[in-house]
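If you read the sequences in order, they're chains F and E.
Position 81 of the first sequence, counting from 1, maps to 121 under this note's numbering, and the rest follow consecutively.
Position 101 of the second sequence, counting from 1, maps to 112 under this note's numbering, and the rest follow consecutively.
Check each hint, because a few of them may be wrong.
[What the hints assert, rightly or not] Covered stretches of chain E (chain F as the covering partner; in silico rule of three or more C-beta atoms under 8 angstroms from a C-beta of chain F):
id, segment
1, 20-31
2, 49-62
3, 115-127
[Claimed, not checked] Over the 10 angstroms line for every Cβ pair with chain F, so calculated as not near, a few chain E residues:
id, residue
4, 83
5, 85
6, 145
[Unchecked claim] A short list of chain E residues far from chain F (calculated; beta carbon distances all over 10 angstroms):
id, residue
7, 39
8, 71
9, 84
10, 87
11, 96
12, 97
13, 149
14, 150
By construction, these hints were calculated from the structure, which means they are not laboratory data.
We put the CB at the ideal spot given by N, CA and C, even for glycine.
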Amino acid sequence: MAKVIIYPTNSLILSDMVERFGHEPLAMMEKIKEIINTVGVDSPPLNITPEGPKHGLKYAAVEVPAGVRGRMSLIGPMIDLAEAGIIVGDSSISFGCMGCARTNELTKFLIREKDIPILEIQYPHTEEEGQDFVYKIAEFLKSLPSGSDEK
Amino acid sequence: MAEETEDNITKIVVISSDSILPTDAAMKVYESEDSITIKETCFGTMVNGPREAVLKVVETLRSMDRNHIFVKERGFKPGAEVRCRAGRGGGPRPGFHFLREEVNMLPMIGRALDKYEAGEPLEEHEAPKKLDISKLKKIIDSEL
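Hey, can you work out the whole structure from these sequences and the hints?
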């Protein structure tokens with residue numbers, strides 16, 4: 041079972057496909073869960089605290105906006121753990137916690153920099169593209185170490 | 012929010028099936044003997060509880076229509092104060108827009124998974140090319 045980082049990091053489709061083909065998705069949701077369930081002084085628990093931008097210094101320089109560093113404190117450790125990556129571009133839906141363009145660029149850059157197998161594709165818009173999307177992801181996931189057929 | 016003492020997780024189960032309704036999935040969860048909480052939503056259900064129990068229930072739900080039921084983890088549990096619309100005066104909760112966009116793609120992804128499972132070869136197709144600038148100029152001029 042390989043740890044696969046997905047981009048967009050909170051994607052339902054990618055997270056499901058990685059799990060479906062027997063690997064472990066590294067997704068934002070699990071990170072958020074860890075943070076909000078950790079004992080702290082914040083009530084209600086916050087997903088990004090003043091500590092975030094400090095931890096983010098490992099991935100982005102000090103002059104980079106605190107928002108990027110804060111987000112990188114969540115995404116960076118996932119990239120460190122990744123054994124493979126799937127980057128899906130053409131995402132007009134990078135809303136919410138995915139909505140920071142600079143963080144998205146840095147995330148994609150750091151994944152590409154890492155010496156791991158990477159699949160880069162675009163979000164599908166037509167039926168043919170959808171088939172292409174699924175087949176490429178499925179073949180990629182099967183090619184990873186200890187990748188299984190669909191569970 | 013109360014501190015979680017055990018390894019509790021929440022999974023979002025999105026149903027994009029022609030044969031299974033979100034209610035059917037919810038009924039299936041109610042049949043479960045495990046101590047889990049569920050919340051029915053417009054796109055499916057959210058299941059919260061101890062990891063083992065949730066994974067078991069999610070697997071049962073998936074098996075109802077494997078290629079048309081999609082699952083992802085959720086950071087906040089159902090009804091969490093900072094996320095739930097009830098305490099924020101309405102409006103979509105953060106993260107809903109992304110989910111809604113992806114839910115629109117699910118029928119297409121489901122059909123592709125069916126084809127992949129059936130071993131159908133990938134049909135080659137030409138990707139639509141971007142409009143050439145000279146062509147665009149011609150179109151603009153012709154309208155004048």
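Hints, verified against the model:
1. 20-31: holds (count 4)
2. 49-62: violated (count 0)
3. 115-127: holds (count 9)
4. 83: Violated: least Cβ distance 4 angstroms, not greater than 10 angstroms.
5. 85: Residue 85/E is in fact no farther than 10 angstroms from some Cβ atom of chain F, at 6 angstroms.
6. 145: Holds, since 25 angstroms exceeds 10 angstroms.
7. 39: Residue 39/E clear of chain F: closest Cβ-Cβ about 18 angstroms, beyond 10 angstroms.
8. 71: Given a closest Cβ separation of 13 angstroms, the condition holds.
9. 84: Contrary to the label, residue 84/E does not stay out of reach of chain F, its closest Cβ about 4 angstroms off (not over 10 angstroms).
10. 87: violated, 7 angstroms
11. 96: holds, 14 angstroms
12. 97: holds, 14 angstroms
13. 149: Residue 149/E clear of chain F: closest Cβ-Cβ about 25 angstroms, beyond 10 angstroms.
14. 150: Non-interface label stands for residue 150/E: nearest chain F Cβ at 22 angstroms, farther than 10 angstroms.
Hints 2, 4, 5, 9 and 10 from the earlier list are contradicted by this structure; the remaining hints agree with it.
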